[in-house]
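A.B. asks: What follows is each chain in one-letter form.
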Amino acid sequence: MKSFNKIWIPSAGKLCKFNEITHLQEKIILKSLGQSNGAYSSFLYALGVIMTENALEPIKFTTIDRLFYGIYTRAYCFGNDLEYQIKCHACNRTVKYSLNLADIVQALEFLSKKFNKVVELPISKLQVNLTVPDLSRDIAFREYIEADRNDYALLSTMESILYMEYCTMGEIMFPLYEYDVLQTADIIDSLEHEDTSFLHSKVEDFKTSIFNTNADKLLELSCVCGQNLISYDLSSTSFDNFLTMIYNGDLNTFYSKELNFRVMFPGGDVNSMAPIERDLLINLKNSINQQAEIESDPKNGEIDLASM
Amino acid sequence: MSDNKANFNEAINLIKKSAESRSYDIWIPSLKRDVKFKPLNTLHHKKFVKILIDTSMFNTALNLHVYDIIKQTCIDETVVVDDLDIFDRLAVCYAMRQHNFKKKYLIALDDKEEREISFATLLAKFKKGYKRMDPDCITEGEISINVSLPTLKREREFDNYIFNKHLVSFDKNNTEQINQIFTDLMLFGTIQYIDSIKVGDVLIDIDSMRTDQKVEILGNFDSILTAKISNYIKKCNDLRTELCSIDVLNGKDEPQTVEISIDSSFFVDE
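Each protein sequence line maps, in turn, to chains A and B. The first sequence begins at 1 in our numbering and counts up by one. The second sequence begins at 1 in our numbering and counts up by one.
One thing to keep in mind: the hints can contain errors.
Example chain A residues on the side facing chain B (calculated, C-beta under 10 Å, incomplete) [to be verified]:
(1) L24
(2) S124
(3) K125
(4) L126
(5) F174
(6) P175
(7) H193
(8) D195
Quick list of in silico lysine-lysine cross-link-like pairs, BS3-like style, CA-CA up to 27 Å [stated by the list, open to error]:
(9) K46/B to K125/A
(10) K202/A to K16/B
(11) K5/B to K202/A
(12) K125/A to K36/B
Some residues of chain A that are not near chain B, with every Cβ distance over 12 Å (derived) [to be verified]:
(13) K96
(14) D103
(15) A140
(16) I145
(17) N212
Hints were generated in silico from the structure; no laboratory data involved. Just so it is clear, the structure is predicted and the values come from calculations on it, not from any experiment. Don't be surprised by glycine CBs; every beta carbon is placed ideally from N, CA and C.
Turn these sequences into a full structure, and let the hints guide you.
C.D. replies: This is the structure in structure tokens:
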């Protein structure tokens, strides 16, 4: 029977139901890490698509919801704890640094609130309403970029486009959320360069302000080396970078857990297994191998669950 | 427009209309008057950067882009952009650089000192005392050729030919291709200056010919005729150098003449 998880979704302000992540989806997420292209990563795209696929409630997600889904899923698949080695600049020693994802989620509680900012462009006087990007829009942008990764001109404007919800010119509103990728890019391209530069800088400020809302709480998660407070520099990163970081550390763990042996069980498919089933199977295989070593009768890596 | 909500096309048109309210004047030497232009937009700027990265070795793509910009930003409907000449384009380029870029334009002198260039001084040369390059008639035996400063239409035709022949699939590392482009540029560059050809009483309708056919006609001229055309082109180039040059003081307070050439980097702020 398929089970589901309840995950905190800030934009909905409640716990929402999601189908449990499968082994195939785990593979897609982690393999996408290796195919990422800077900020416009295949990883964030894969995570967003899987989140949408697994959602059991019709909710219009934002990219902040994806952050929570990503943290939850990481903890669910690989556990709550993350360990890093970081260098203390004061004493030059390498210090072990641990992060607990449950603490991170708690520190991010204020992200439940809405973020909006209106920016007036200096030349055209166009008023641009900035907001946290909608996930479906983020996915659409990444699909476009995926199709043409060499479109550097679009890459450079993409981050700003995502955060633009709508514009107003006098009494007229331009509902950018109704326009497609290229149309929104065309709106930016038709502005004067000074306006565009100003817009890019304001979007960066907006992103920083969202991050800084909880930065002090995240900084409390620092560790101490002698008299010095050191930490993974969360204050200068972004949520997308942070999300990528917590998965990057799992690549080795994942490959050691990948089911690269033959499994036979009635009506089953390895890829549809949940993380807990996968871990059970690995433990089972390990114990069989250990037993086989003792009895000098290796099973050649094959397990026949049907016969058990 | 429903409920004051603009669809994409309406939004683009409103932004374009808003840009018209910030138009500025550019003195067009051949028309001897100011013409109104809209400011450059972000796409124009991006394309300058792309040209600098892709084909900075040749001005072909740049010329084509500047032509498009003039067409898109000139808001005086009485101006026929195709009829403007290549010196008008120089004046437009300097004025656009002055109006649309905040950053100062610096040029490195022989002694490595940098100087800021005053576009107002350069543009004044296209206004007061500007003498237009007169057309000429070159004759040799039975053949007579009318030559003049190329119009933007004729230059565009030539640039399109070079661009489609070579630059669509340009490879910076292919020396053979680069040599071929330089050869074509030299040969085809001459054609732009030819208005009409007459052999005896027969007028050759060169405007109706394709670029490769024009090249073939040119290839049949004897060397004396070609040298005379080259002499006219040299006079045009000398006048262009004079128009594009400016005197500045070097580090030792000595005057130095520098030419402000318009290449792919001219429109790109570092």
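A.B. asks: If a hint holds in the structure, say so; if it doesn't, say that too.
C.D. replies: We went through each hint and held it up to the structure:
1. L24: violated, 38 Å
2. S124: holds, 5 Å
3. K125: holds, 8 Å
4. L126: holds, 7 Å
5. F174: holds, 4 Å
6. P175: holds, 6 Å
7. H193: Constraint on H193/A satisfied, holds at 5 Å.
8. D195: holds, 8 Å
9. K46/B to K125/A: holds, 22 Å
10. K202/A to K16/B: At roughly 23 Å apart (the allowed maximum being 27 Å), K16/B and K202/A satisfy the hint.
11. K5/B to K202/A: The given pair, whose Cα atoms are some 24 Å apart, holds under the 27 Å limit.
12. K125/A to K36/B: holds, 21 Å
13. K96: holds, 44 Å
14. D103: With a cut-off of 12 Å, D103/A remains clear of chain B, as the shortest Cβ separation is near 43 Å.
15. A140: holds, 15 Å
16. I145: holds, 16 Å
17. N212: holds, 29 Å
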